[in-house]
Structures are given as structure tokens and as C-alpha cells.
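Given the sequences, and given the hints that come with them, work out the whole structure.
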Amino acid sequence: MNKAPDAIENLIKRLSKMPSVGSRSARRIALHLLSDKDMNLAPLEQALSYAKERVEPCDLCGNLDVRSPCSICTHAHKDKSKIALVQSVGDIWTMERTGFYDGHYHVLGGVLSALDGITPDKLRISSLLPRLEGVTEIIIALGATVDGQATAHYVAEQVRKINPEIKITRLAYGVPIGGEVEYLDDSTLATAMKSRNAF
Amino acid sequence: MNQFLDQAIIISVRAHGESGAVIHVLTEDHGKCGGYVNGAQASSRLRSTLQPGNIVNVDWQSKSEGQLGRFDVELEQDISASLFSDAKSLLAVQSACALIDMFLPDREKQDALFHGTCALMNIMKTDQWPAVYITWEMAFLKEMGYGIDISKCAVSGVEGGLTHVSPKSGRAVCAAEAEPYKDKLLEIPSFMREGELSDDDITKGLKLTGYFLMHRLLQHSSYHALPDARHQLENSMDSV
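As you go down the protein sequences, you meet chains A and B in turn.
Using our numbering, the first residue of the first sequence is number 982, and each one after it goes up by one.
Using our numbering, the first residue of the second sequence is number 8, and each one after it goes up by one.
Calculated from the structure, these hints are not laboratory results.
Here a beta-carbon is modelled for each residue, glycine too, at the ideal position from N, C-alpha and C.
Any given hint could turn out to be false.
No more than 20 Å apart at the CA atoms, straight line, and that leaves these computed lysine to aspartate or glutamate pairs for EDC-like [claimed, not checked]:
id, chain 1, residue 1, chain 2, residue 2
1, B, Lys95, B, Glu25
2, A, Lys998, B, Glu25
3, B, Lys175, B, Glu150
4, A, Lys1148, A, Glu1114
5, A, Lys1142, B, Asp134
6, B, Lys95, B, Glu186
7, A, Lys1142, B, Asp245
8, B, Lys159, B, Glu201
9, A, Lys1059, A, Glu1114
10, A, Lys1061, A, Asp1083
11, B, Lys159, B, Asp206
12, A, Lys1059, A, Asp1072
13, A, Lys1142, B, Asp156
14, A, Lys1148, A, Glu1138
15, A, Lys1148, B, Asp206
16, A, Lys1142, A, Glu1114
17, B, Lys95, A, Glu1138
18, B, Lys70, B, Glu25
19, B, Lys132, B, Glu83
20, B, Lys214, B, Glu241
21, A, Lys1061, A, Glu1077
22, B, Lys189, B, Asp156
23, B, Lys132, A, Asp1167
24, A, Lys1175, B, Asp93
25, B, Lys149, B, Asp36
26, A, Lys994, B, Glu25
27, A, Lys1175, B, Glu201
28, B, Lys149, B, Glu194
29, B, Lys95, B, Asp134
Using C-beta positions, here's what the derived DEER-type ranges look like [as the list claims (entries may be wrong)]:
id, chain 1, residue 1, chain 2, residue 2, range
30, B, Asn64, A, Ala1023, 53 to 63 Å
31, B, Asp93, A, Val1156, 44 to 54 Å
32, A, Ala1023, B, Asn242, 48 to 58 Å
33, A, Asp1060, B, Asp93, 22 to 32 Å
34, A, Pro1050, B, Tyr188, 51 to 61 Å
35, B, Gly152, A, Ala988, 51 to 61 Å
36, B, Glu115, A, Pro1050, 50 to 60 Å
37, B, Glu115, A, Asp1083, 53 to 63 Å
38, B, Asp207, A, Ala1032, 51 to 61 Å
39, A, Glu1037, B, Asp206, 50 to 60 Å
In C-alpha cells:
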């Protein structure tokens, strides 16, 4: 089979490196972009170069925005007394999409991992500590994994050293909405039972 | 087709591709083994099963002996989720799993270490785990060829009154012989001598095993540092 010219092959190769895009999807995307360069490729090129030039991590929270401090950190109606600690920018987008949380965020950039050599100095923990002035609650919104919870305990300890008065909470574990008890995995059911509430 | 069924402890999980993961487990009959788990990141059942410390049943299959192979995993005993609220026991689980992952050779049957690690994981929910963890590290060092001999005094040969360990030989010394060199020797925690746990035993025990992990096991390996969880565990016990 004849190979596509280098320029197209290179485009396909780059596209196939994107998350959730395999080589077949990459070929379809490349074909779509090249079938009408003015309508499809040019706007994408502009968007990519604009994002490359303008988007940067917020100095305060680590969110991605076209300005630093970001639009969440400077939002007049966001409650400055609450900071939700999240693992990645994707978590901020998920929480903002739901619209139920009105506080600030702090992106850690990962979780501590003994196996992968991710130590506290490789996470954005030191940049959280100067933000604690005026904060009354830290909400730990990290994954329900061994590494996620070990990180949660570590950060909580660091926060308490600076200000023991700050309330530290974490997201509840339990039955997902629409979930049937019969189909829950053992760990979730055991944890949900352990952290049950008065009804 | 190569295949085995075995009981195992989840040691490490590393995401691979969009939805899979490469895991390492410590099995009863086949030692430490690696394999690919399809859908490990996509399935909530698998995500909760594949947490370090959990005890599982595995079905490993591979087309040839040298290949990575593929695992089917079924949860037998959930350990990790019940420890989420206890920082120190989480660190101990992370530390034990990381030590196995780093230093234990693949595919060498280690049934004593497997049973010891199972016992450790089972006791993590109780208050007795720190002493058991230290005993586990002693056993781990022994399996790795760097055992600490606390059976008799290296100088006098007596079996009673052993209080210290020589960092050079890894052998115990009795109180009388240890006296002139106390500041150079490592203390043996009293629960290892008399069976009763005293206040600073855990710190002493972690210092003792930590020394040999650092100066024997680590020095003869390709790694530059012990797992961070091991350091954090020792520091957290120091601050009690």
C-alpha cells in the first residue's frame, strides 16, 4: 500500500499522540482537516497558536487561563475562604461545569507516589501554604486511591502546622447517584457503610 | 499458552495507554509477577480492586514464558479502602509495596514473604500494625540476604540480655558488651526481646531496619533512595 506523503504522515502521527485518538481516528481527522483547509485547518491552526501564545498556568492556583491570576481567582463572587484541592486542571473544569461549588481551587499537579518517585517537592504544595490567610476551609477533592489519600493526609498535616484552626474536609465516598447496592463493588460499599449519615 | 492461577497481593499499578494498566503482584507460588490488565482505568470495579495492598486472585496468561502476559483479577480481600482515614497505615502499605516493587526479583517463589505480607495487610486495620510492620521489614531484609541476627550476642555468645545491633555486622550485642559503644550501635526494640511494646519501640525499630535498608539493601541495588513513603513513615512515627 502506498504511504501518504510525509507532510500528511507527520500530521497523522502528531494527531495519533492525542489522548483517545488512535491511528485510524487520526487518519480520519487529518482527512477532514485537509479536505477543506480554509474551513477546517485554518481556524484550528489559529486556535492552537492563540492557545500556545496566551494560555498559561495561574500563579496562584495552577489553573490554565489567558491571564494570571486566572478568572476564578479574580472572580468577585467566588468565596475566598474556601479552597478545593484538586489533582489536575481537568478536575476544576469538572467541578465548575456542575456549578455547585463557589470557592477557589488549588491544583496539586499529581499525587504522591512511592513507586513513581513523586515526592512532596514535585507537587504544588508549597504554593498552597501562602494562600491560607483568610481561608476557613480546605476541601480535599483527591482520588479515592491509596496514593490520593496519602497525599490528602500529607497536605492536611502541612496545613494544620500553619493554621490548626482551618477546617479540613474531604469529598464523601459512597453510593453513586443511580447506583444499586447490589452492583456496588466491595470497597465502595464497605466505605459507604463506614461513613453513613443520620437519615 | 502459559497460564497460572494464584492468590496475590497488589504491589504496583501503572497506567498504560488509554484504559489499561501494567500491574505487579506478589503471588504465593510464583513470586513477584507483572502483567497487563485490560480496562483497568475504565472499570470502577477494577479501579477499586487494583489498589496496593489488596489481596486478590489472579489468572495470568501469556503466549510465551518471557512475555509480560495478561492478568484477570478478582478481589478477595479489600485492605486499602478501609485504611483511607489513617495516614500512617497508608504510608506503611505504600512503603511495604514499594520495597517489594523495587527490590524483590521477578518470578522467584517467596511464599514466606507472601504469607508475611498477607498477615501484615490483614493486621493493618488494628492498632498492632507498627510492631508487625517492623517485624515484616526484618523478614524482608532476611529474604533479601541482609538479615539482622538477634538470636545471640556476637561477642559473648549469650542468648539473653541482647540490647543492641552492630551496624557493621548486623548481629546483636548484649548489654554488657554494648555499653562502651552504645552511641555507635543500633537499639533493639524491647518488643523483639521481651515481647512487650514500650513507647519508643516503633521509632527504634524503624531506625534499626531503616539503617539496613539504606546501607545494605539500597547500596547493593541500582536505586538511589528508599521509597519516600518509608521516610515519611519514620518521620511520622518520630513525631508521635
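Hints, verified against the model:
The suggested pairing of Lys95 (chain B) with Glu25 (chain B) is violated, with an alpha-carbon distance near 32 Å, which exceeds 20 Å. Between Lys998 (chain A) and Glu25 (chain B) the CA atoms are separated by roughly 11 Å; this keeps the pair inside 20 Å, and the hint holds. With a C-alpha separation of about 19 Å, the suggested pairing of Lys175 (chain B) with Glu150 (chain B) holds against the 20 Å cut-off. A distance of roughly 13 Å separates the Cα atoms of Lys1148 (chain A) and Glu1114 (chain A); the hinted pair therefore holds under the 20 Å criterion.
Under the criterion of a C-alpha separation no larger than 20 Å, the hint pairing Lys1142 (chain A) with Asp134 (chain B) is inconsistent with the structure, at around 25 Å. Distance check on the hinted pair: Lys95 (chain B) and Glu186 (chain B) sit about 34 Å apart at the alpha-carbon level, beyond 20 Å; violated. Taking the CA atoms of Lys1142 (chain A) and Asp245 (chain B), the gap is near 16 Å; set against the 20 Å cutoff, the hint holds. For the given pair, Lys159 (chain B) sits about 14 Å from Glu201 (chain B) by alpha-carbon distance, which is consistent with the 20 Å threshold.
Between Lys1059 (chain A) and Glu1114 (chain A), the direct Cα distance comes to roughly 16 Å. Compliance with the 20 Å bound is thereby established for this hinted pair. Restraint check: the Cα-Cα separation between Lys1061 (chain A) and Asp1083 (chain A) comes to about 9 Å, which is no more than 20 Å; the hinted pair holds. Distance hint between Lys159 (chain B) and Asp206 (chain B) is unfulfilled; the C-alpha atoms sit about 25 Å from each other, more than 20 Å. Taken as a hint, the Lys1059 (chain A) and Asp1072 (chain A) pair is honoured in the structure, with Cα atoms around 17 Å apart against an allowance of 20 Å.
For the hint pairing Lys1142 (chain A) with Asp156 (chain B), the CA-to-CA distance comes to about 40 Å; that exceeds 20 Å, so the pair is violated. Between Lys1148 (chain A) and Glu1138 (chain A) the CA atoms are separated by roughly 12 Å; this keeps the pair inside 20 Å, and the hint holds. Annotation: proposed proximity of Lys1148 (chain A) to Asp206 (chain B) is violated, straight-line Cα distance about 30 Å (limit 20 Å). As the CA atoms of Lys1142 (chain A) and Glu1114 (chain A) are separated by approximately 13 Å, the hinted pair is consistent with the 20 Å bound.
The suggested pairing of Lys95 (chain B) with Glu1138 (chain A) holds, with an alpha-carbon distance near 12 Å, which does not exceed 20 Å. Under the criterion of a C-alpha separation no larger than 20 Å, the hint pairing Lys70 (chain B) with Glu25 (chain B) is inconsistent with the structure, at around 23 Å. In summary, the hint linking Lys132 (chain B) to Glu83 (chain B) is supported, as the alpha carbons are separated by about 16 Å, within the 20 Å threshold. Under the criterion of a C-alpha separation no larger than 20 Å, the hint pairing Lys214 (chain B) with Glu241 (chain B) is consistent with the structure, at around 8 Å.
Taken as a hint, the Lys1061 (chain A) and Glu1077 (chain A) pair is honoured in the structure, with Cα atoms around 15 Å apart against an allowance of 20 Å. Of the supplied pair hints, the one linking Lys189 (chain B) and Asp156 (chain B) holds, its CA atoms being roughly 18 Å apart against a limit of 20 Å. Restraint check for Lys132 (chain B) and Asp1167 (chain A): satisfied, since their Cα atoms lie roughly 16 Å apart, inside the 20 Å limit. Between Lys1175 (chain A) and Asp93 (chain B) the CA atoms are separated by roughly 14 Å; this keeps the pair inside 20 Å, and the hint holds.
A distance of roughly 19 Å separates the Cα atoms of Lys149 (chain B) and Asp36 (chain B); the hinted pair therefore holds under the 20 Å criterion. Of the supplied pair hints, the one linking Lys994 (chain A) and Glu25 (chain B) holds, its CA atoms being roughly 17 Å apart against a limit of 20 Å. Taken as a hint, the Lys1175 (chain A) and Glu201 (chain B) pair is broken in the structure, with Cα atoms around 37 Å apart against an allowance of 20 Å. The hinted pair formed by Lys149 (chain B) and Glu194 (chain B) meets the criterion: a straight-line CA distance of about 18 Å does not exceed 20 Å.
Restraint check for Lys95 (chain B) and Asp134 (chain B): satisfied, since their Cα atoms lie roughly 11 Å apart, inside the 20 Å limit. At about 56 Å, the CB distance of Asn64 (chain B) to Ala1023 (chain A) agrees with the hint of 53 to 63 Å. Between Asp93 (chain B) and Val1156 (chain A), the C-beta spacing of about 23 Å breaks the proposed range 44 to 54 Å. The hinted window of 48 to 58 Å between Ala1023 (chain A) and Asn242 (chain B) holds, with their beta carbons roughly 56 Å apart.
One distance hint, 22 to 32 Å for the beta-carbon pair Asp1060 (chain A) and Asp93 (chain B), holds here, with the actual separation near 31 Å. For Pro1050 (chain A) and Tyr188 (chain B), the Cβ-Cβ distance of about 59 Å falls inside the hinted range of 51 to 61 Å, so the restraint holds. Distance hint for Gly152 (chain B) and Ala988 (chain A): a CB-CB separation of about 57 Å, consistent with the stated range 51 to 61 Å. The supplied range of 50 to 60 Å is met by Glu115 (chain B) and Pro1050 (chain A), whose beta-carbon atoms lie about 54 Å from each other.
A beta carbon spacing of about 55 Å between Glu115 (chain B) and Asp1083 (chain A) agrees with the range 53 to 63 Å that was offered as a hint. Between Asp207 (chain B) and Ala1032 (chain A) the C-beta distance comes to about 56 Å, which sits within the given range of 51 to 61 Å. As the Cβ distance of Glu1037 (chain A) to Asp206 (chain B) is approximately 51 Å, the hint placing it in 50 to 60 Å holds.
Of the hints listed earlier, those the structure fails to meet are numbers 1, 5, 6, 11, 13, 15, 18, 27 and 31, in rising order.
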